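Engineer: Sequence:
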Amino acid sequence: MSTAPLVGYSSSGSEDEAEAEAKAGTRAQPGARGRSRGQSPLSSQRLPVPESVLHMFPGTEEGPADDSAKHGGRVRTFPHERGNWATHVYIPYEAREEFLDLLDVLLPHAQTYVPRLVRMEAFHLSLSQSVVLRHHWILPFVQVLKDRVASFQRFCFTADQVKIYTNQEKTRTFVGLEVTSGHAQFLDLVSEVDKVMEEFDLTTFYQDPSFHVSLAWCVGDARLQLEGRCLQELQVNPQCRSTEGAKPQRKSWMRLKTPRCCCVCTQSRSAASLGTNSSRCL
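For the sequence shown, the UniProt record's numbering begins at 1 and goes up steadily by one.
In short, the hints are calculated from the structure, not lab data. This one's a predicted model, so the numbers in the text were calculated from it and none came from an experiment. Be aware that one or more of the hints could be misleading.
DSBU-like cross-link-like pairs, simulated, lysine-lysine; straight-line CA separation at most 30 angstroms [what the hints assert, rightly or not]:
hint	residue 1	residue 2
1	Lys-170	Lys-195
2	Lys-195	Lys-146
3	Lys-195	Lys-163
Label pairs and their in silico Cβ distance ranges [claimed, not checked]:
hint	residue 1	residue 2	range
4	Gln-232	Phe-200	39 to 45 angstroms
5	Glu-227	Arg-82	36 to 42 angstroms
6	Glu-51	Pro-108	33 to 39 angstroms
7	Ser-210	Gln-153	21 to 27 angstroms
Ideal Cβ positions, reconstructed from N, Cα and C, are used throughout, including at glycine.
Please take these sequences and the hints and turn them into a complete structure.
Structural biologist: This is the structure in structure tokens:
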């Protein structure tokens with residue numbers, strides 16, 4: 001029976017390896033120098049970090065401290081995370097003199113019920129909830145949204161119904177004017193915005209939205225103070241209140257017109273204390 005040929009290898013390779021290991025072991029033993037090459041003569045024990053250094057950069061890992069006093073007492077609706085941008089889509093409204101004149105009548109009257117009410121700095125109609133975008137999503141998001149709403153034209157709407165709103169967390173209350181005509185056109189816009197939200201796996205708008213222009217706001221849930229008698233008096237313009245026994249005069253607010261664009265507002269959650277924000281009109 002034939003056997004498979006055996007291939008012979010020189011034993012010098014294994015002998016050399018054994019010799020190298022022996023030399024390495026010899027070098028590793030404490031000798032005249034006492035330590036192997038590359039080992040620090042100093043103790044390897046880690047020294048404690050001074051307290052002054054530990055507190056040199058507060059909040060670096062956790063993000064900036066959230067001081068609600070710097071934001072009118074407002075509370076975050078979702079926690080801070082580095083690189084996140086709070087975003088919402090809206091239609092801006094540039095207030096005219098007649099609008100501001102009526103607001104000058106409404107707000108002081110509402111403040112007799114809730115003194116902490118504050119006038120809005122700018123006016124808009126929301127087309128989305130507040131969502132969170134990563135910074136590198138912003139440009140693609142804006143471009144997709146722009147393509148979706150490019151075919152929409154300006155349209156007229158009426159907002160003449162005073163209504164009280166709160167955010168979902170009931171941490172803020174708003175006095176607003178609800179849209180009573182033009183609702184269908186706003187729903188068409190929201191339908192396109194929702195498609196963009198779904199594409200980016202974000203929360204869509206409310207199922208049964210109440211489109212409105214917010215006029216004033218305050219911290220906390222103030223519905224009990226503002227709804228009821230106050231709301232009735234605001235709806236019937238205080239300057240047009242009738243004498244006792246006479247029929248109240250209802251003053252319509254006005255017929256408004258949408259601008260030629262809608263906007264995307266993004267605010268950095270990692271720089272919220274600095275008020276870093278950006279608005280992009282489509």
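Engineer: Each of the hints needs a verdict: does it hold here or not?
Structural biologist: Status of each hint after checking the structure:
With a CA separation close to 28 angstroms, the supplied pair Lys-170 and Lys-195 stays within the 30 angstroms bound. As the CA atoms of Lys-195 and Lys-146 are separated by approximately 12 angstroms, the hinted pair is consistent with the 30 angstroms bound. Using a Cα cut-off of 30 angstroms, the hinted pair Lys-195 and Lys-163 holds, with the two alpha carbons roughly 28 angstroms apart. Remark: the range hint 39 to 45 angstroms for Gln-232 to Phe-200 is upheld by a beta-carbon distance near 42 angstroms.
Under the hint 36 to 42 angstroms, the C-beta atoms of Glu-227 and Arg-82, about 40 angstroms apart, fit the expected range. With their beta carbons about 53 angstroms apart, Glu-51 and Pro-108 fall outside the hinted range of 33 to 39 angstroms. The hinted window of 21 to 27 angstroms between Ser-210 and Gln-153 holds, with their beta carbons roughly 23 angstroms apart.
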